[in-house]
Amino acid sequence: MTKFDAVVNVLLKPGISDPQGQTIERALPALGYEGVQGVRVGKHIELSVEASSEEEAYARIQEMCERLLANPVIESYEVTVS
Amino acid sequence: MTKFDAVVNVLLKPGISDPQGQTIERALPALGYEGVQGVRVGKHIELSVEASSEEEAYARIQEMCERLLANPVIESYEVTVS
Amino acid sequence: MIHRDLGLTDEEYKAIQDRLGRDPSYTELAMYSVMWSEHCSYKSSRVHLRNLPTEGPHILVGPGEGAGIIEVAPGKAVAFKIESHNHPSFVEPVNGAATGVGGIVRDILSMGARPIALLDSLRFGPLDEARTRYLVDGVVHGISSYGNSIGVPTVGGEVVFEDCYAENPLVNVACLGVIDTKLMNGKATGPGNAVILIGSSTGRDGIGGASVLASAEFDDESHEKRPSVQVGDPFTEKLLIEACLELIREDLLVGFQDLGAGGISCPISEMTAKAGTGMTVRLDAVHLREPQMEPFEIMISESQERMMAVVEPGNVQRVLDICKKWGLHAGVVGRVDDGDAVKVVDGAGETIADVPAVSLADEGPVYERPYERPGWIDEIQAADPGDKEPPDLAQAFLDVLASPNVADKSWVWEQYDHMIFLGTVQGPGGDAAVIRLPDSDVAVAITADGHGRYCYLDPYEGARSAVVEAALNVACTGARPLAVTNCLNFGNPEKPDVMWQFAQAVEGIGDACKALGTPVTGGNVSFYNETSGRPIFPTPVIGMIGVLDRPDAAVGSALSGDGDVLLLLGDTDPADLGGSEFASRVHGVIAGRPPKVDLADARDMIDLLVEVAGSLSSAHDCSHGGVAISLAESAIAGGRGFDCDLPADHRFLFSESPARVVVSCAPDNARQVAEAAEKRGVTVQQIGTVGGTELRFGGFTVSLENAKHVAAHSLADALAGPTIAS
Amino acid sequence: MNPRVGVVVFPGSNCDLDAQKAFRDLGADVVSVWHDEETLPEVDVVVLPGGFAHGDYLRTGAIARFSPIMDAVRSFADAGGLLIGICNGFQILCEAGLLPGALRKNAGLKFLCKWVDLRVENASTPFTNAASPGDVLRIPINHFEGNWYAEPDVLDELKANDQIVLRYVDNPNGSLDDVAGICNPERNVFGLMPHPERACEALLGSTDGAVILRSILASSPSLVSAP
Ligand SMILES: Nc1ncnc2c1ncn2[C@@H]1O[C@H](COP(=O)(O)OP(=O)(O)O)[C@@H](O)[C@H]1O
Ligand SMILES: [Mg+2]
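These protein sequences, in sequence, are chains A, B, C and D. Just so we're aligned: 69 in the numbering used here is position 69 of the first sequence, and the numbers increase by one with no gaps anywhere. Every number in the numbering used here is 1000 more than the matching position in the second sequence, counting from 1. Every number in the numbering used here is 2000 more than the matching position in the third sequence, counting from 1. Every number in the numbering used here is 3000 more than the matching position in the fourth sequence, counting from 1.
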């Protein structure tokens, strides 16, 4: 068993409005930041898992995402294992 | 002016307790996921900025993080521009 | 000079050496530094606080314990207490405010009470600054996320905006609890009993919070102090509440105390000092969040969401089992000893600290800090109070109504669960909140009020006014005011003028509480509210609790019956514009003398309100903005206008003469109310009738629609602007 | 025999006592069920109450839906038992797939505790049959994540099946199609964001919530089958 570090980023699916991102985007010009667009806010999760291979680690985290870390109705996610 | 895509990940600083991460970590074994450790939960922000160079884009986002996107008192952040 | 880094003076260090007959170890020194800090020892305030009245027939427990205990009905006791979290909220508003809620809730819990209501008293700088908006947003979010999650309703409070709080906001939170089954005490009795630490693990967060954060003023180096901010964990706090109440219900605890400022050092020394016992604590038994913590770090870490219990050996397993059921960590970390020493032992069995418990808990320094009436106070009192006639009376009215200090605060309180427990008979938006205690027919009224502006102009008068306003807010609901808790927010006590403000304010509170028969059951002192040498206005905040005969007898502030008669009770002095909302809002002036309260009049007014409550449709005191604003607020709340015949004189309309109330009642009741008032020597004026869709003041008229819009939107609009963290 | 109501308590639930009181005041026998149990006691109705199960950390309801009791709750519902999720309970039901859709943060990004008006869209469910279609009920909301969302085809299906039980008259949180409460196709599982248990006493501002609680009790097998 080896320990793998992983990162999971979860975002609202494209097409689902993201009020957090919109609020930030709207506030920026007044603070002197022009030209910022497409702000989207999601979750960044770091964790480490034990697995016998990188593939296995990836597969396990993928499954955790499906079941727990993201809600597939509204969210999409991205897993990186290192 | 060019448009640069950027990603900002914000996490609580090491040493600051992360109740969310701890709660998820405690819940995982009951779901059949043993051996998961060091869960930390933060924010994942995607955005695009206009700037004349990648360096400038980076510097502007860095400043936005300090002032707006993160609270440097408890959070650290990481900016990637592409 | 390590003791200086820890905030101890050379004299204090010498006192420790003398007491121990040797040099303290580093861990011991750290323990003294937190226990002898201003925050834990009240070293600058104690000599003054001694003069407050603390006894009364209803007071079961006065100051000195986790919270005061008041008997509100035969066999029904409540715990009530207020705390500040000013500095942490400035540094990190969300978590600073959240952990402030957590701390006061554990104070209440430590008495064996279930926390059932919160009040938040907030003060910020001007709203046109992005940084202020960031603080408001964060503080409200912090209180909301924590209070809502632990399931304790936030039922009232105040929000004030004033330039002096820009760099030093005030976040005071009061909590009300009801004794669940048994009143607990914080005593480590019974040598041989186990000491159990329950709740979160202990980390490096909040180290030195007591000595550094709360007890020294901010300066430009405060960045370095920042890591001592903690993140609140309301989920663990909720489990802690339920688990601990279950432990108390099963009668498993001998002694019980929360961990707040001072970390573990605080309960181990206070519980033993109170019981006349000793205690040994094993460091390796403390559940740590981080590896390799230094002994001193473990002893003073202020990690949140922890409680300490003293348990008979035979009950230890049961206690651990119940904690486990709730998913909480709990472990035996020590035992009660004969003797009087607090001992700390490391994993190797080596003694790291061994000091007399009372030396930490009770023998801290007591200072009689010099104080002196400052010269500037005469100048400011003699200056123009801002009482000139405004160009347009109707416009002046709308300006005052739109002041964020006056306007509708629902932007804030809609973010708070203010209904859970099915007891909120009157929530935020009126005078005091009225709460029916769970499983009972007993209702209490609670409020928190301060008046920094008046206190700045005259701390003695201002403090008296705050007590009277709080009592009137309670009495307007028909409740009889019973007891007070107070949070004293001041600048640097080492400055004679700040110390003078403090002494004056405490005297004012004492005099008012004596006159009103509402003893002080506890509170909190927050000094060093200064940034770069500029102190805040002296700001005592008064938490007041009263009791009603029946929950359904509560009187609201909203006009409720067309055709009702409007009566103004109390005397109006047109000169009472010093420090008023009118002067500040219309003329930009904070000067002159604040209104002077006649305590006997205030007492008569309270007795009158309690007596005639059954005959009233509404009651609302005149505070910020005077009778004009009081009328408008009642009209907006009730969704109906009025027709009054008031003098077209700004000095009458906006005067803030104290101890005045606008009541409405059915015409048939008017005679009786007036007679009751006359009997008590309270001036009554019939000023108009309820009804219509306009606010007809006599000299001018504003539509209800317009007034409502102005009041409802000014705060929300001002807060809609962008926010910035730093 | 009185109807029997089981109120599930998750770590972090906080409206469980209120739900118990409201049902008890209307004549039900109430038991509380700890989330760690694997079986339900004999009950007619199961309530998943409001609160912050597991702190709502990660996502509302995300962890709670894995509690041991949830298998029994699912079987109870599969067998036709009456199951209601209030606020956090609704969020848990959605996470568990017992009701469709998901609850996002309120559009205004603020927690909201206030009175709202709800229109009864379907009065022929066991949860609303004491009301008439079109009735407006005044009941408080108390949530940060009440902004319901479902894919367009799911929404169409819900509409076609009359599964939208309550709509906001004045949408406070951005919820899709003003949805405040929905049921499953079989009409025995119901989730809503507002808190009917908070509106069962005139002293607290409204008794409209009791319309929902009374519907449930009147539909419970113990009463229905009583002679
Ligand atoms: N921070 C707050 N939290 C909760 N309720 C608040 C807050 N600020 C104001 N309120 C509520 O708004 C109402 C009006 O407040 P305020 O103007 O301070 O009243 P008063 O002048 O009678 O003390 C009160 O019911 C109060 O409880
Ligand atoms: Mg008032």
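Warning: the hint list may mix true and false statements.
[As the list claims (entries may be wrong)] Simulated pairs of lysine-lysine, DSS-like, Cα-Cα distance not exceeding 27 Å: (1) Lys2495(C) <-> Lys2043(C); (2) Lys3110(D) <-> Lys1043(B); (3) Lys13(A) <-> Lys1043(B); (4) Lys3110(D) <-> Lys2409(C); (5) Lys1043(B) <-> Lys1013(B); (6) Lys3(A) <-> Lys1003(B); (7) Lys1003(B) <-> Lys43(A); (8) Lys3021(D) <-> Lys2708(C); (9) Lys2076(C) <-> Lys2187(C); (10) Lys3021(D) <-> Lys2325(C).
No lab work stands behind these hints, which were simulated from the structure alone.
Do the hints match the structure? See the list:
1. Of the supplied pair hints, the one linking Lys2495(C) and Lys2043(C) holds, its CA atoms being roughly 15 Å apart against a limit of 27 Å.
2. Pair hint Lys3110(D) plus Lys1043(B) holds up; C-alpha atoms about 18 Å apart against a cutoff of 27 Å.
3. Of the supplied pair hints, the one linking Lys13(A) and Lys1043(B) holds, its CA atoms being roughly 16 Å apart against a limit of 27 Å.
4. Restraint check for Lys3110(D) and Lys2409(C): the C-alpha separation of about 15 Å stays at or below 27 Å, so the hint holds.
5. Using a Cα cut-off of 27 Å, the hinted pair Lys1043(B) and Lys1013(B) holds, with the two alpha carbons roughly 13 Å apart.
6. Between the alpha carbons of Lys3(A) and Lys1003(B) the distance comes to roughly 38 Å, so the proposed pair goes past 27 Å and is violated.
7. At roughly 24 Å between alpha-carbon atoms, Lys1003(B) and Lys43(A) fall within 27 Å of each other, so this suggested pair holds.
8. A distance of roughly 37 Å separates the Cα atoms of Lys3021(D) and Lys2708(C); the hinted pair therefore is violated under the 27 Å criterion.
9. Between Lys2076(C) and Lys2187(C) the CA atoms are separated by roughly 23 Å; this keeps the pair inside 27 Å, and the hint holds.
10. Using a Cα cut-off of 27 Å, the hinted pair Lys3021(D) and Lys2325(C) holds, with the two alpha carbons roughly 24 Å apart.
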